[in-house]
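Chains as they are written, first to last, in numbering that gives the first Met the number 0: chain C, 0 to 87; chain X, 0 to 573.
Please keep in mind that the hints were generated in silico from the structure rather than gathered at the bench.
Being a predicted model, the structure only gives us computed values, none of them experimental.
Fair warning: there could be bad hints in the mix.
Stated by the list, open to error - List time: in silico DSS-like cross-link candidates among lysine-lysine, alpha-carbon distance up to 25 Å:
#	chain 1	residue 1	chain 2	residue 2
1	X	K484	C	K22
2	C	K26	X	K501
3	C	K65	X	K490
4	X	K489	C	K79
5	C	K83	X	K497
6	X	K520	C	K70
7	C	K10	X	K490
8	C	K70	X	K477
9	C	K13	X	K520
10	X	K497	C	K10
11	X	K477	X	K489
12	X	K469	C	K79
13	X	K469	X	K501
14	X	K484	C	K63
15	C	K22	X	K497
16	X	K501	C	K15
17	X	K497	C	K84
18	X	K497	C	K70
19	X	K489	C	K10
20	C	K70	X	K489
21	C	K84	X	K501
22	X	K477	C	K65
23	C	K65	X	K489
24	C	K15	X	K477
25	C	K63	C	K84
26	X	K489	C	K63
27	C	K10	C	K26
28	C	K13	X	K469
To be verified - In silico contact screen, one side only, chain X against chain C (beta carbon under 7 Å); selected entries:
#	residue
29	Y482
30	M485
31	E496
32	Y502
33	F503
34	V522
35	R523
36	H550
37	P552
38	L558
39	L559
40	I560
The C-beta atom is built at its ideal place from N, Cα and C for all residues, glycine as well.
So the chains spell out like this:
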Amino acid sequence: MALSATVSQRKRVKRKAPRGFLKRLFKRQKPHLRLETSCDLLVHLNCLLFIRRLAEETRTDACKNKCGIIKDQHVLAAAKVMLKKSRG
Amino acid sequence: MADSYVSDNEPTTRTLLRRVLDAEVPRTPRRPRSTRAGAQRTLVETPFSMRLRSQTKTTARWHSHRARSIGRLAHIQTSEHLKEQTPRTLLENILLTAPESSMVMPESVVKPVPVLQMVQFSSRESSPGSLELQLPELEPPTTLAPSQLASGKRKQRLRLSEFQQGMDQGLPVPQGPLAEPHGNAGASSLTSSLNLTFATPLLTQSVQRPGLARRPPTRRAVDVGAFLQDLQDTSAALALPGDRTPVATLPTDTVLEDTQPFSQPLIGRSPSMHHSLPCPSLSAERTVSRRTRSSGPGMQKNNSPGKPAQLLAGKAEEVDAFTNGFPNTSNSISGEDGLEPLQGGVGEEVEELMEESLSVSEVKEAAGAQGSARAEEPETHTQVIEAEGSWGTTEAKEPEVSSGDKDIAASPELASSTPEFPQARQLEFLEPAPPTSPAVLSSEPLEPLSARLPPRVQTAGPRLRQDPYKTGLSHYAKLFSFYAKMPMEKKALEMVEKCLDKYFQRLCDDLDVFAAHAGRKTVRLEDLELLMRRQGLVNDQISLHVLVERHLPLEYRQLLIPCAFSGNAVFPAQ
Chain C
0 MALSATVSQR
10 KRVKRKAPRG
20 FLKRLFKRQK
30 PHLRLETSCD
40 LLVHLNCLLF
50 IRRLAEETRT
60 DACKNKCGII
70 KDQHVLAAAK
80 VMLKKSRG
Chain X
0 MADSYVSDNE
10 PTTRTLLRRV
20 LDAEVPRTPR
30 RPRSTRAGAQ
40 RTLVETPFSM
50 RLRSQTKTTA
60 RWHSHRARSI
70 GRLAHIQTSE
80 HLKEQTPRTL
90 LENILLTAPE
100 SSMVMPESVV
110 KPVPVLQMVQ
120 FSSRESSPGS
130 LELQLPELEP
140 PTTLAPSQLA
150 SGKRKQRLRL
160 SEFQQGMDQG
170 LPVPQGPLAE
180 PHGNAGASSL
190 TSSLNLTFAT
200 PLLTQSVQRP
210 GLARRPPTRR
220 AVDVGAFLQD
230 LQDTSAALAL
240 PGDRTPVATL
250 PTDTVLEDTQ
260 PFSQPLIGRS
270 PSMHHSLPCP
280 SLSAERTVSR
290 RTRSSGPGMQ
300 KNNSPGKPAQ
310 LLAGKAEEVD
320 AFTNGFPNTS
330 NSISGEDGLE
340 PLQGGVGEEV
350 EELMEESLSV
360 SEVKEAAGAQ
370 GSARAEEPET
380 HTQVIEAEGS
390 WGTTEAKEPE
400 VSSGDKDIAA
410 SPELASSTPE
420 FPQARQLEFL
430 EPAPPTSPAV
440 LSSEPLEPLS
450 ARLPPRVQTA
460 GPRLRQDPYK
470 TGLSHYAKLF
480 SFYAKMPMEK
490 KALEMVEKCL
500 DKYFQRLCDD
510 LDVFAAHAGR
520 KTVRLEDLEL
530 LMRRQGLVND
540 QISLHVLVER
550 HLPLEYRQLL
560 IPCAFSGNAV
570 FPAQ
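Given these sequences and hints, build the entire structure.
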């Protein structure tokens, strides 16, 4: 049996994943590869987690410098650390 | 009514209503009279209905009796009607007043109606000669089928002759119905309406409530000639530059402005204006807009967009903005949708710009007009002034400017006197120009305009690659700002987007490697899980499903995590 016969009451999904965007992105990058059906959702999940960590890192950086506003140097420093971490 | 018994086989609403009314016990104290009358009526009707079936010649008598009963009932009812209005009374009135027979009813039922009409009319007029005159009147309002009506008419005429004979002879029978309707006519409006409704049910309604009558839609005279010309012009205009994007068409516009052939189609637009090309068309537009307010809108709007596109694509934006700002300012056209004259006025201005510096006077006019309203957008105005100034310096065709001005301000006849105005306009322009936009009146108005335009070219050009990608990245950048919970600079957001770009590239590479390692060409869920594990997001304590449950909405969770359903079914299938 497939998904529940009844549609969930709220037909509007909050925080929708840009599935088309992700699919197009992957296709542009790796045209010889194919992405499975629900893989883009996991990619979206991956992005969410990455951004979350990046944001926390940036906030920590900004608070360290006692800045009320996040500036691009904070972002840059945090990104360096995060990209290193999420090398995979 | 007898109909109910005549057509017992076919229960109509009328019959049903009648039955209901007869059967139900009246609730109000006044009812007893009506019920009695109703009972009497039914008693009276049944023998007559039977007679009706058997003999047709007794229809007259039957109808006379019926009329009498109706009259009595109506009489009673009217007295009650005047005092109270209940659903019962309304239903009964409907039954009385509505035409007895429907389109489907056979002729035998139709006959009573015209006879009754005849009787009533005769009672009123008491002149057989006038009856014939009234018969044609019955034709339009009656709701009977035309065929039935025609037959009814014939029968009416026949009966009329009979009736005349009867009247001459002074038969008591005709006098019965005569007396009754006559008395009833004087009794109340209901009875008179009863008489009337059979004849002209629709007319009475309209007479009683004139507001509900359908009025022919008031249409103002349409200047078809100007309309057609405008259509042709718009089609020609649209064909020339294409769309309204100001950027790319700017250079072509400059070329087009100078050349004669470009101006030719404009000439056709404005027969009224004898000025040179663009302004007359604009003025014509304005005049047309003034003349045809109701019909103009669509046309005007089509034309005016066509014009700016035609003349100055670069000005289109300003023109439009100006037109939006203009409605309040246009003096002569106050109540109209401002777009029409505004666009027309703007188009005029645009044309002027093409032509000469005097176009600025146009702007001055606009400025003056705007000054009255003042609520409008001075920025757009300044923009227009800039544009006008820039274009005015390039071209020099005086009469059009003045014509344009005139149209804005006054009637089109002033166009003839335009030659005098340009100079005056120039002077006027110089004065208001400084207050409006001193910066604009600088020596090089072209520069800001041109400077503004090239960036537009860039944005308008390649839309495929950049925009969807950018929007996708900005989607995630917004999430970043949400997660950060702190105010961010615009540059920081751009930096985030760059980081995301790099991250995506890395992600795709990693997935490629993992899929190749597994000997596959398709990236699967296990590849993703492996990636997350290597990133440290998924470990022994936290599984992928937990993360999915935490961070993704429910719908995606259903898609990702296999769940068992009834019947040993698992979705998604593994």
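Can you verify the interface hint for L559/X: is its Cβ closer than 7 Å to any Cβ in chain C?
holds (5 Å)
Would you check the hint for K13/C and K520/X, treating anything up to 25 Å between C-alpha atoms as holding?
With Cα atoms ~32 Å apart, K13/C and K520/X exceed 25 Å; violated.
For the pair supplied as a hint, K501/X and K15/C, is the alpha-carbon distance within the 25 Å limit?
Holds - the C-alpha atoms of K15/C and K501/X are around 22 Å apart, at most 25 Å.
Keeping to a limit of 25 Å between CA atoms, is the pair of K484/X and K22/C held or broken?
Not OK: K484/X and K22/C at ~29 Å, beyond 25 Å, violated.
K477/X and K65/C: Cα distance at most 25 Å?
Given that 25 Å is the threshold and the Cα spacing comes to 23 Å, the pair holds.
Hinted pair, alpha-carbon criterion (25 Å max): K84/C, K501/X. Please report holds or violated.
It holds: about 14 Å lies between the C-alpha atoms, which stays within 25 Å.
Hey, does the I560/X contact hint survive, CB to chain C under 7 Å?
violated (10 Å)
Under the criterion that the straight-line Cα-Cα distance not exceed 25 Å, is the pair K489/X, K10/C satisfied?
violated (34 Å)
Assess, step by step, whether the Cα of K70/C is no farther than 25 Å from the Cα of K489/X, and give holds or violated.
Holds, because 9 Å separates the two Cα atoms, which is no more than 25 Å.
Below or equal to 25 Å on CA atoms is what counts here, so check K13/C against K469/X.
The hint holds at about 21 Å.
Does K489/X lie within 25 Å of K477/X when you go C-alpha to C-alpha?
Measuring from Cα to Cα gives roughly 11 Å; hence the hint holds.
Restraint: M485/X near chain C, CB-CB cut 7 Å. Satisfied or not?
This interface hint holds because 5 Å falls under the 7 Å limit.
This entry does not satisfy hints 1, 6, 7, 9, 10, 19, 27, 31 and 40, going by the numbered hints stated previously.
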